[in-house]
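Let chain A serve as the given structure and place chain B on it in line with the hints.
Number of protein chains: 2
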Amino acid sequence: MVLINENFLQLQNSYLFSTIAQKRAAYQAAHPEAGIISLGIGDVTQPLCPAVVAAMHEAVNEMAQAATFRGYGPEQGYDFLRQAILEHDYLARGVTLDEDEIFISDGSKSDTGNIGDILGAANVVAITDPVYPVYVDTNVMAGREIKILPTNASNGFCAVPPDFHTDVVYLCSPNNPTGTVLNREQLTAWVDYAKREGALLLFDAAYKAFITDPELPQSIYEIPGAKECAIEFCSFSKTAGFTGTRCAFAVVPKALMGQTAAGEKVSLNALWNRRHTTKFNGTPYIVQRGAAAIYTPEGKAQVQQTLAYYRENAKLIKSALTDLGFTCFGGEHSPYVWLEAPAGMTSWDFFDLLLEQLNVVGTPGSGFGPSGEGYFRLTAFGSHEQTAEAIERFRNYFGKK
Amino acid sequence: MVLINENFLQLQNSYLFSTIAQKRAAYQAAHPEAGIISLGIGDVTQPLCPAVVAAMHEAVNEMAQAATFRGYGPEQGYDFLRQAILEHDYLARGVTLDEDEIFISDGSKSDTGNIGDILGAANVVAITDPVYPVYVDTNVMAGREIKILPTNASNGFCAVPPDFHTDVVYLCSPNNPTGTVLNREQLTAWVDYAKREGALLLFDAAYKAFITDPELPQSIYEIPGAKECAIEFCSFSKTAGFTGTRCAFAVVPKALMGQTAAGEKVSLNALWNRRHTTKFNGTPYIVQRGAAAIYTPEGKAQVQQTLAYYRENAKLIKSALTDLGFTCFGGEHSPYVWLEAPAGMTSWDFFDLLLEQLNVVGTPGSGFGPSGEGYFRLTAFGSHEQTAEAIERFRNYFGKK
Numbered sequence: 001m002v003l004i005n006e007n008f009l010q011l012q013n014s015y016l017f018s019t020i021a022q023k024r025a026a027y028q029a030a031h032p033e034a035g036i037i038s039l040g041i042g043d044v045t046q047p048l049c050p051a052v053v054a055a056m057h058e059a060v061n062e063m064a065q066a067a068t069f070r071g072y073g074p075e076q077g078y079d080f081l082r083q084a085i086l087e088h089d090y091l092a093r094g095v096t097l098d099e100d101e102i103f104i105s106d107g108s109k110s111d112t113g114n115i116g117d118i119l120g121a122a123n124v125v126a127i128t129d130p131v132y133p134v135y136v137d138t139n140v141m142a143g144r145e146i147k148i149l150p151t152n153a154s155n156g157f158c159a160v161p162p163d164f165h166t167d168v169v170y171l172c173s174p175n176n177p178t179g180t181v182l183n184r185e186q187l188t189a190w191v192d193y194a195k196r197e198g199a200l201l202l203f204d205a206a207y208k209a210f211i212t213d214p215e216l217p218q219s220i221y222e223i224p225g226a227k228e229c230a231i232e233f234c235s236f237s238k239t240a241g242f243t244g245t246r247c248a249f250a251v252v253p254k255a256l257m258g259q260t261a262a263g264e265k266v267s268l269n270a271l272w273n274r275r276h277t278t279k280f281n282g283t284p285y286i287v288q289r290g291a292a293a294i295y296t297p298e299g300k301a302q303v304q305q306t307l308a309y310y311r312e313n314a315k316l317i318k319s320a321l322t323d324l325g326f327t328c329f330g331g332e333h334s335p336y337v338w339l340e341a342p343a344g345m346t347s348w349d350f351f352d353l354l355l356e357q358l359n360v361v362g363t364p365g366s367g368f369g370p371s372g373e374g375y376f377r378l379t380a381f382g383s384h385e386q387t388a389e390a391i392e393r394f395r396n397y398f399g400k401k
Numbered sequence: 001m002v003l004i005n006e007n008f009l010q011l012q013n014s015y016l017f018s019t020i021a022q023k024r025a026a027y028q029a030a031h032p033e034a035g036i037i038s039l040g041i042g043d044v045t046q047p048l049c050p051a052v053v054a055a056m057h058e059a060v061n062e063m064a065q066a067a068t069f070r071g072y073g074p075e076q077g078y079d080f081l082r083q084a085i086l087e088h089d090y091l092a093r094g095v096t097l098d099e100d101e102i103f104i105s106d107g108s109k110s111d112t113g114n115i116g117d118i119l120g121a122a123n124v125v126a127i128t129d130p131v132y133p134v135y136v137d138t139n140v141m142a143g144r145e146i147k148i149l150p151t152n153a154s155n156g157f158c159a160v161p162p163d164f165h166t167d168v169v170y171l172c173s174p175n176n177p178t179g180t181v182l183n184r185e186q187l188t189a190w191v192d193y194a195k196r197e198g199a200l201l202l203f204d205a206a207y208k209a210f211i212t213d214p215e216l217p218q219s220i221y222e223i224p225g226a227k228e229c230a231i232e233f234c235s236f237s238k239t240a241g242f243t244g245t246r247c248a249f250a251v252v253p254k255a256l257m258g259q260t261a262a263g264e265k266v267s268l269n270a271l272w273n274r275r276h277t278t279k280f281n282g283t284p285y286i287v288q289r290g291a292a293a294i295y296t297p298e299g300k301a302q303v304q305q306t307l308a309y310y311r312e313n314a315k316l317i318k319s320a321l322t323d324l325g326f327t328c329f330g331g332e333h334s335p336y337v338w339l340e341a342p343a344g345m346t347s348w349d350f351f352d353l354l355l356e357q358l359n360v361v362g363t364p365g366s367g368f369g370p371s372g373e374g375y376f377r378l379t380a381f382g383s384h385e386q387t388a389e390a391i392e393r394f395r396n397y398f399g400k401k
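First to last, the protein sequences are chains A and B.
Residues 1 to 401 (full-length UniProt numbering) make up the first sequence, in order.
Residues 1 to 401 (full-length UniProt numbering) make up the second sequence, in order.
Quick caveat, the hints were computed from the structure, so don't treat them as lab data.
It is possible that part of the hints are untrue.
Calculated Cβ distances over 10 Å to all of chain A for the following chain B residues [what the hints assert, rightly or not]:
| # | residue |
| --- | --- |
| 1 | VAL2 |
| 2 | ALA30 |
| 3 | ASP43 |
| 4 | ALA66 |
| 5 | GLN83 |
| 6 | ASP100 |
| 7 | ALA255 |
| 8 | VAL266 |
| 9 | PHE280 |
| 10 | TYR295 |
Per the computed footprint, the stretches of chain A lying under chain B, defined by three or more beta-carbons under 8 Å from a beta-carbon of chain B, are [to be verified]:
| # | region |
| --- | --- |
| 11 | 256-268 |
| 12 | 283-297 |
| 13 | 345-353 |
Every residue, glycine too, gets a C-beta built ideally from N, C-alpha and C.
Chain A extracted, bound-state conformation (with noise of 0.2 Å):
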């Protein structure tokens, strides 16, 4: 019988999401007359915006037409999309690449997890905690020994460089789940941990389009050397509401070697660009016509629009629960907000108690890893009448002690 990979084997199952749909639905159940509201869910809510729109029926009548009909296309992506993230999400920010070293595809999950079919078993992989799942999954399914860098408040869940030696480390900033984001110097922080130790940055810049702040980087590449020893991760899903219409790029700049047992030196964008076009085919091209919509005048000022949107919701979540005496941590330059439980409870303990008292839902803190234990995750994706509400029975509930 065919052999399995038997790393699956390790793989932990997680119940996060289904134990909250559980309690959830038993809740309402119990209590037909509540009305539920979720600050839980990770994923968007507002439409796409026109531009994207129109320029994806745009594309659909292309397909329709044998003269503007097309195929396959190149497996990193097409040249239009490309050179408009070149220009628009690097360049305009003092980044130089090349249009080889962007590669388009259908969402950050898929290359972030699949970036380990270039890298060897034999790497020691950092994966910060708390943390989105993918990172751990997939490397357990690759074999790979992972150590884990606890955040915590004493270092404002921003995870720092270790004192020990690592190859591989993974890093989001703005962080899922945390919100908090690397500044300037902790980035250059890592990077000198980086060149030091001979390690490859993983750089997961999923929600960088949350970023306000100038100073702030919105890509590892602002930082000088970063080219050397960082991969990084981007996506349209939450800058333009592409959640389930999927289209992502990674950067893998030609500067970046990695080496063979023997001390050979390789080319991670040789290797990368290998594995993209065996095992990927490219992505849709009407998906592409409409990604490369957000860069025009009207779909970037229709982008920051929604954006807005969320950021109000993320900003009064932050202020009311900090003025009701919470310690909130991210919630500025990100969707999240990450708050400390009251003093002695669980994160399960309050989710129970935010559901029951409030019936508001959250995403338990230990969810993500031990070191989340004792907070609690509120999102910002939803309304802004859902979300005033659900701040208003915060200041109901706990305003009143």
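Frame of chain A; chain B shown alone:
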């Protein structure tokens, strides 16, 4: 410095299509007046059918309104598409499957590559020759031992089970590049082999829509026992012109088991579900709506019209070349005609002759593997006009002799 996956260094570079492009460009530059016709591409040219276009426009409109907007969908695909597949691809042919055995994806290239993630590196993999190179390359990347199963004129370019053990067998029927189709008896022999040897069949049915003979199976599951030994890959690329729109599906039956080295049995469906939900985030909603439209009565009729267009080309190519004395395979339930080069000519000799004497471009069979030497692939994906003109040139040149 980070360690690379050294298996990548064992990959052979393929210069097949770049060499074709270079030779064509050089000839065109030297003979600007030559009207070169390509019958070499494996990509569709006819537009998406009206039912698909309408469904995608409607889906784009849904994404433009908050009330109908879709964020993250189920990674395995939406019910509406999985149910349509169950009914029209399987139940209509007497095959009963459950919805959770169907996994919607962005392409069979991704699926046939990624499936290796759930399989052990120690499996011995059998690959027919000549072959679609992705099967080989993705297994080289994973470091697996590969055994080649040659096909040739003596077995009608139809792979037959070997007299030695293998753990995994890739089969493609209708075949790319040879255009040959495995009939019920041949598929039964493979299922018997798989059962006897405990092997897993990876059955690539990307070209099944070209089958017209009702006696020929379109799914491996039409063979009793196949659910216990086969994974099937299907695609909308060639069925409905989705090469640039990207939608496919894999079928992983729940009856299918793998095992650990210690002999513990593990469900491959469960492993693939974990892989698919961890390293993939679903196919675009818009694209899934487009794919589902091919199962409506008007969609079905329109798709058949386009397939008939290509079939007419295939029929013309095959009958004309046969009349001219060429030995041909495929072309009947397939868009590919596989022909023997004139005696004493290599595949590349024949390529040069066709380019220079007929101004027709095809694909040298040797580019698909050593058993393709002396053979040549022509495709039915061109326009009627260009195909007819190319055939006229064949008649003028080879008919004179």
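Now the hints, each set against the structure:
In this structure VAL2/B is not separated from chain A by more than 10 Å, as the shortest Cβ-Cβ distance comes to only about 4 Å. Listed as outside the interface, ALA30/B is consistent with that label: its C-beta sits roughly 28 Å from the nearest C-beta of chain A, beyond the 10 Å cut-off. In this structure ASP43/B is not separated from chain A by more than 10 Å, as the shortest Cβ-Cβ distance comes to only about 4 Å. Not every beta carbon of chain A lies more than 10 Å from that of ALA66/B, the smallest distance being close to 5 Å; the non-interface claim is violated.
Consistency note on GLN83/B: stated as away from chain A, and its beta-carbon is indeed over 10 Å from all of that chain's, at 19 Å minimum. For ASP100/B, the requirement that its beta carbon stay farther than 10 Å from each beta carbon of chain A is met, with the minimum near 15 Å. Distance check on ALA255/B: its Cβ is at least 13 Å (rounded) from any Cβ of chain A, clearing the 10 Å threshold; non-interface status holds. With a least CB separation of 5 Å from chain A, VAL266/B falls inside the 10 Å interface cut-off, contrary to its annotation.
The non-interface label for PHE280/B is inconsistent with chain A: the shortest C-beta to C-beta separation is roughly 6 Å, within 10 Å. Distance check on TYR295/B: its Cβ is at least 19 Å (rounded) from any Cβ of chain A, clearing the 10 Å threshold; non-interface status holds. Requiring three or more residues with a Cβ within less than 8 Å of a Cβ of chain B, the coverage given for the region 256-268 of chain A holds, as 8 such residues are present. Here's how the region 283-297 of chain A fares: 5 of its residues keep a CB closer than 8 Å to some CB of chain B, so the rule of at least three is met and the hint holds.
Judged by the Cβ-Cβ criterion of 8 Å, the region 345-353 of chain A is not covered by chain B as claimed, because only 0 of its residues qualify and three are needed.
This entry does not satisfy hints 1, 3, 4, 8, 9 and 13, going by the numbered hints stated previously.
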